[in-house]
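Participant: Chain W: place on chain U using the hints.
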Amino acid sequence: MNTRVATAVMLTSALALAACQKKAPEELPPAPQATATPAPASTPTGPAVGSMEHFIAAVGQANTVVYFDTDRYNIDAEDSAKLQTQAQYFSQYPQVNFTIEGHTDERGTREYNLALGERRANAAKNYLVSLGIPSSRIRTVSFGKERPVALGSNENAWAQNRRAATITIN
Amino acid sequence: MKKALIVTLAFVAAPLAAQNQDLGEPMAEGQDVETIEEEQGLTGSVSFEGNLDDLGIAIPAFATDRNTATPANANGTEALGVELARVITANLRNNGLFKPTGPDSLPRPSYDNITDPVWSTWGVRGAEMLVHGYVRARSDDRLTVGCYLYDMALQQRLVAEGWVVSPADWRRAAHKCSDLIYARLTGESPFFDSRIAYIAETGPKDNRTKRLAIMDSDGANHRFITTGRSTALTPRYSPDYKQLVYLSYVDGNPRIYVYDIGTGRQTLVTQSDNPTFAPRWSPDGRWILYSMAVGGNTDIYRVSANGGRSERLTDTPGIDIGGSYSPDGSRIVFESDRSGSQQIYVMDADGSNQRRLSFFGGRSATPEWSPRGDQIAFTHIAGDFNVAVMNPNGRGFRKLTNGWQDEAPTWAPNGRIIQFFRTARNTGATSLWQVDLTGDNERRLPTPVDASDPAWGPILP
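Protein chains in written order, with our numbering: chain U, 1 to 170; chain W, 1001 to 1461.
Calculated directly from the structure, the hints in this document are not laboratory data.
Label-pair ranges, simulated between beta-carbon atoms:
{"id": "1", "chain 1": "W", "residue 1": "Asp-1348", "chain 2": "U", "residue 2": "Asn-74", "range": "30 to 38 angstroms"}
{"id": "2", "chain 1": "U", "residue 1": "Ile-56", "chain 2": "W", "residue 2": "Gly-1096", "range": "50 to 58 angstroms"}
{"id": "3", "chain 1": "U", "residue 1": "Ala-81", "chain 2": "W", "residue 2": "Asp-1384", "range": "35 to 43 angstroms"}
{"id": "4", "chain 1": "W", "residue 1": "Thr-1438", "chain 2": "U", "residue 2": "Ser-130", "range": "48 to 56 angstroms"}
{"id": "5", "chain 1": "U", "residue 1": "Val-129", "chain 2": "W", "residue 2": "Thr-1438", "range": "50 to 58 angstroms"}
{"id": "6", "chain 1": "W", "residue 1": "Thr-1438", "chain 2": "U", "residue 2": "Asn-156", "range": "34 to 42 angstroms"}
Note that CB positions come from ideal geometry on N, CA and C, so glycine has one too.
The following block holds chain W by itself, in its conformation from the complex:
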């Protein structure tokens, strides 16, 4: 039985040969998360009127109807309930949101009290908000997780929702609960239930190993996609998370590949001997932008995600590279040195109406359109390299970071947080960072090794 399986695998793998030789094992795709309505889902309005940074939130352990064995936790659903509350607490704390208190310093509510809090227990703890939740193992091995947010002053439920997840996806339930709380209290769109693709870096500065890697928005479920035999750079998740586009030197030349996460297969974005760089998806996933150098001159092309003929969008003698779609897919902001130095330009999605946006002094590069459409993040180069934002009309310049070399911004799914990578002077050490659109709450994201080229995907489907 086992022998037969190995033979089959070897047979299938053979034709993939050279192009796939840098790839690790394909991974199982995540399961869908089913949302269930909790009774009396949304009620009341938030009583708190101060600064949200000062809003105290108590997040005790999630309750369970009875401790049940689950692949999600070696100690069963009771221990899993603690973990769920810890993930939510860490999410809020690490992003500088509110004043969360986690399950390790709070009493544990009973299962029956999840829908009927004992107000006297929580009233003395000074928190304005109370999160309750439960986790239940179903007969089909999946888990039902419920999430409730209560206003302590009103003694009223503000919002409630539940999800059915596979045991492997238990953290997604915690992220969805975090998103529910965040969205209800701030009025912003959710962002926690999302993933990040990036480049993991190891080794000396003149011989770095650069591997394609992915992780959840909080750094959990970290996976390497490539083995590191070839240099991998600049990944981007497809909007449905089924594919990644990235640059690989697997055949000795820089070329863009489309990697299918479920099957582990990858294909060239275009059949050409020319080097290709800087891949991007359209928001609807139907198009891929890439940049290609022909005779040393780089221009931007677009191709259907299903393949076929490429269409050239720029034709100046300068370097035209990158590109980021507006959320409605009608326009593309990109980078060009046609004026003599790197600057930011905008064009219609078919390449027409090209005009320059950046007039800030210095150079401006790597523009990324916010998923909300209201801002464009980019790398501003004026001595140091810093992440900055502008309005889509080219006004409203604001510098958000102060590192020696901060580059390649990428947006949180809700357009309120920007990630980027920071390179240290001399050592060349790289790390992922994020900062609020306000310029506050700058923090480093923990990664197993050095890290660059972050690409934050949308909310998971």
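If we strip away everything but chain U, and leave its shape as in the complex, we get:
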């Protein structure tokens, strides 16, 4: 039931995105007239389409990573908003393949965390697939607790490390 709504949202936002790539999606103006012409790939001086830099510029750094509660892997409302933003980008640039890295915090055993990271990466992937992104474009990889971004041993650091990060390949 949500697919049609999501698709509609996605298309509208995608067009908006095409019109104004630099701004964060939340602040985009209403979509202009529909047009079949994709936006120019990039300006000669800007980052190449599909590069991580280009992806971040288009969706905003904060939207490239979704976070999870302890031992959980469900996609909550905040995550789904971020993933919808990502889906807009990936439907606008169908040539771009990407990787979702699943991570955990350090407060788990090593092997379980590898499996949990894989589960988180797949949760994010499945959501993007539900938004119409072909699964063949999405690679998942789990790093378990091996690659933290926040180095402390406290709740704040652990919350930052329980994540699924989308990385463009090109």
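Facilitator: Here is chain W on its own, set in the frame of chain U:
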């Protein structure tokens, strides 16, 4: 000649390419150790009746018939005799066993006195037990090492054995002598003559280099197997020590490889694009358990060590992972979060009769069945992470450690000591530790760099 050899090596190495690019040079396999009967091998019973912790043992230098050059020691067999006694002394002392006194503070017995101790020399030193030994270079370059244990009160030999070892394996003779003494005095099975595989860690917390490494049970003969270009995790020795299974990111994804120590070749445990984790051997070496995530759901599989088709053993929507065989190979204890949190379950070796074992509050993970079969060690998570044990029926819970994060227990070959790794809060520094089944004698194992994922192999063949 040399040029021809290099060309040949390059030619052989080429097809191994990507999969092996994280591997160092293959190493020579150890030689077999031949056991020889010493005359009047086993006699008498131990006279000492106190606490074994208080049992004094004198371990003077091993004697030699004549000082002979040997590749095992730059100063010949005489100096090697001192080293042998030092290794035995350190083995007993580091494991909190008895009260050993080593060769550096004892007179050296003559070769002739090894089988005929001068009791008056040792009687005044207060030791209840006396170890004598000899080392002799053979014409084929190998060494004969003899080991004798005497009861001072009875003035009687308790046990004696000898071994023929290659010079490179001289420490194994010291470990075998340690095992002989330990087994004779405690009635327990031996454990010193064994090796440990583990992960050596260096670098900052967010970019750690993790290398597969191996060492003897006392930390000697340390070797790195992988170069550190890719992350390596969770190794396990095959029961015959010829292979290691471990996880590597060498192709960018977590996958289990079977590494052949003699040839340096490695193969994937299963031909699949799915990530694989948590490899384990069956006690007879015929099966490998591994866990594989398909579409994000992890289950446990088993495959013949010779390859072939994998068989799926679990099928719940939860994470089913790990696994450790009972010593007779009939059952597997494993970890699952099918109840909502990590808990320990047991099943028959074919996957049937799955049932939960752990009801201790908190979470329970990484179960490892003792080689004796009488206990299961695991990581208990209740606030802190600690190593604990239970009976195979799920009762008899005992917590053995008190660190902030102690995980991944592994058993000594005799099921009396447990190793694990400890992670420090904030710094993420890791180190190997061990503790007795009683919870006593907790100590850190010295390693060249930080260390995790210890896997203690069985007694060497």
